[in-house]
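**Student:** So the chains spell out like this:
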Amino acid sequence: MLELWLIRHGETAWNAEGRIQGSVDLPLSPGGVRQAERLAARLANTHFDAAFASDLARARQTGEIALPGTDLRLDRRLRELDYGVFEGKTWSELGPDEAAMARHWHADRVGRRIPGGESYGDLMARFEAFRAEIPERGCVIAFAHGGTVRGALYTVLGSPTPGVWRFEVANTGTTRLRYRADGVTIVTLNDHAHLDETAAIG
Amino acid sequence: MLELWFIRHGETDGNARQLIHGITDTPLNERGLRQAARLATRLSGTRFDAVYASDLQRAHRTATMALPEADVRLDPRLREMSYGIFEDRTWEELDADETAQARFWREDPVTRRVPGGESYGDLRDRLEAFRADLPDSGCVAAFTHGGAIRTILYGVLGQTTRNGLRFAVDNTSITRVRYRADGVTIVTLNDHAHLDDIDAPPA
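Sequence lines, in order, name chains A and B. Okay, so the first sequence: first residue is 1 according to the numbering used here, each after it adds one. Okay, so the second sequence: first residue is 203 according to the numbering used here, each after it adds one.
Hints were generated in silico from the structure; no laboratory data involved. All of these numbers come straight from a predicted model, not from anything done at the bench. There may be inaccurate statements among the hints.
Said to hold, decoys possible - Which stretches of chain B does chain A cover? Using the computed rule of at least three CB atoms under 8 Å from a CB of chain A, they are:
(1) 351–360
(2) 365–374
(3) 382–395
What the hints assert, rightly or not - Here are a few chain B residues that sit away from chain A, every Cβ distance over 12 Å (derived from the structure):
(4) D227
(5) A272
(6) D273
(7) P278
(8) A302
(9) R305
(10) R314
(11) R326
(12) V342
What the hints assert, rightly or not - Label-pair restraints from in silico Cβ distances:
(13) D122(A) / D227(B): 48 to 56 Å
(14) D290(B) / S159(A): 40 to 48 Å
(15) M1(A) / D399(B): 21 to 29 Å
(16) P403(B) / A41(A): 18 to 26 Å
(17) M1(A) / L235(B): 25 to 33 Å
(18) D297(B) / R137(A): 21 to 29 Å
(19) A57(A) / D399(B): 27 to 35 Å
All C-beta atoms, glycine included, are put in the ideal place defined by N, C-alpha and C.
Please build the complete structure, drawing on both the sequences and the hints.
**Tutor:** Listed below in structure tokens is the structure:
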């Protein structure tokens with residue numbers, strides 16, 4: 001049995017501004033660094049057999065802060081969805097042509113590729129290729145992105161019908177999946193208790 | 203937009219012994235009381251517009267310990283599934299039970315009732331009736347049970363157990379679901395961060 005902990009990176013300036021960020025490579029904001037530090041306190045007593053990170057700075061940095069001294073293996077298959085022509089924009093500021101493109105894409109995000117970018121199907125295929133290479137036993141952590149976490153969940157649950165169900169994936173949120181011989185157990189989804197106000201006081 | 207926090211009760215001796223306890227009404231054990239106390243700290247900064255609990259004592263007690271100031275309304279629709287003649291046995295025993303009635307139920311637990319009890323479909327329907335009576339907006343806590351929370355998750359995500367999908371639902375864990383006009387968002391599932399190191403020896 002493999003237990004895989006998937007962690008979304010801490011906040012970046014573009015996250016804070018609501019800008020679409022896929023393969024554009026921005027570092028953590030000061031707030032994102034603090035989130036990663038909170039995560040570090042949370043993970044201090046957990047043993048992992050291996051630690052991976054997307055090679056994008058925000059994921060790598062989150063891993064370095066959250067698990068100091070750990071040998072972090074970079075793997076580009078954990079990257080965020082490549083948002084192609086949408087990168088750097090906010091959903092609300094898209095021009096009429098781009099907005100039409102975005103609607104078309106949203107209606108089938110798994111099957112349709114963003115112009116100049118990827119589909120969720122592409123992302124799920126590279127995530128599954130990554131997972132297939134991990135040993136089937138032990139506890140493994142991977143620092144990745146919101147899209148990577150959603151893609152991993154879609155591989156388990158199937159693709160969502162647009163608008164029927166969604167998942168929230170907070171910065172430094174933790175999602176744990178247990179891969180058994182006969183299926184998958186969702187252990188936690190988007191646990192971000194370390195960001196609670198009460199955590200700040202205690 | 204309505205946000206519902208589904209919270210499982212703390213541990214009972216029956217849980218620790220992996221007994222099937224649906225409507226069997228037993229108290230929290232010592233570990234369950236400690237879990238509920240941790241949950242109280244965790245929720246101290248959270249405001250709910252309304253708080254409901256199953257009328258079974260393990261859920262009711264968890265609610266009054268976790269939210270001591272709240273007006274906790276009891277609602278039997280939040281009860282665990284009634285496991286009828288299977289109550290008080292272990293899951294292992296039931297899985298190995300080859301009697302006709304056990305086999306018959308296992309083949310289709312969603313539509314077939316346990317003799318003297320309910321089906322998962324019955325459970326789903328009364329949970330849905332509970333939610334339908336809530337307002338469309340606000341933040342509501344519902345102290346309930348593991349089988350009930352799993353039933354909600356299978357329903358929301360349109361899944362069945364057939365492909366081997368399972369959900370972990372720990373004692374006093376928090377599962378937050380946001381209901382919008384056009385669908386649902388799972389905000390967290392089985393968040394039990396407040397239980398980290400609960401079994402560690404005191405320093």
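**Student:** Decide, hint by hint, whether the structure agrees.
**Tutor:** Quick rundown of the hints versus the structure:
1. Under the rule that three or more residues need a Cβ within less than 8 Å of chain A, the assignment of the segment 351–360 of chain B holds, with 3 such residues.
2. Chain A is given as covering the segment 365–374 of chain B, and this holds because 6 residues of the stretch bring a CB closer than 8 Å to a CB of that chain, at least three being needed.
3. Note: the segment 382–395 of chain B has 12 residues with beta-carbon separation from chain A under 8 Å; the three-residue rule is met and the coverage holds.
4. Annotated as non-interface, D227(B) keeps its C-beta farther than 12 Å from every C-beta of chain A; the closest such distance is 28 Å.
5. Against the 12 Å criterion, A272(B) stays outside the reach of chain A, whose nearest CB is about 17 Å from its own CB.
6. A cut-off of 12 Å between C-beta atoms confirms that D273(B) is not in contact with chain A; the least separation is 22 Å.
7. Here P278(B) stays apart from chain A, with its beta-carbon at least about 28 Å from theirs, past the 12 Å limit.
8. The beta carbon of A302(B) sits about 25 Å from the closest Cβ of chain A, which is more than 12 Å, so the claim that it is off the interface holds.
9. Taking the minimum C-beta to C-beta distance to chain A, about 19 Å, the non-interface status of R305(B) holds against the 12 Å cut.
10. Annotated as non-interface, R314(B) keeps its C-beta farther than 12 Å from every C-beta of chain A; the closest such distance is 22 Å.
11. Here R326(B) stays apart from chain A, with its beta-carbon at least about 16 Å from theirs, past the 12 Å limit.
12. Annotated as non-interface, V342(B) keeps its C-beta farther than 12 Å from every C-beta of chain A; the closest such distance is 18 Å.
13. Against the hinted window of 48 to 56 Å, the Cβ-Cβ separation of D122(A) and D227(B) comes to about 52 Å, which satisfies the hint.
14. At about 41 Å, the beta-carbon gap between D290(B) and S159(A) stays in the expected band of 40 to 48 Å.
15. Distance hint check for M1(A) and D399(B): the Cβ-Cβ separation is about 23 Å, which falls inside the suggested range of 21 to 29 Å.
16. Taking 18 to 26 Å as the suggested C-beta distance range, the pair P403(B) and A41(A) conforms, at roughly 20 Å.
17. In this structure the supplied range 25 to 33 Å holds for M1(A) paired with L235(B), their Cβ-Cβ distance being about 31 Å.
18. Taking the beta carbon of each, D297(B) and R137(A) are about 24 Å apart, inside 21 to 29 Å as hinted.
19. Checked against the given bound of 27 to 35 Å, the beta carbons of A57(A) and D399(B), roughly 32 Å apart, stay inside it.
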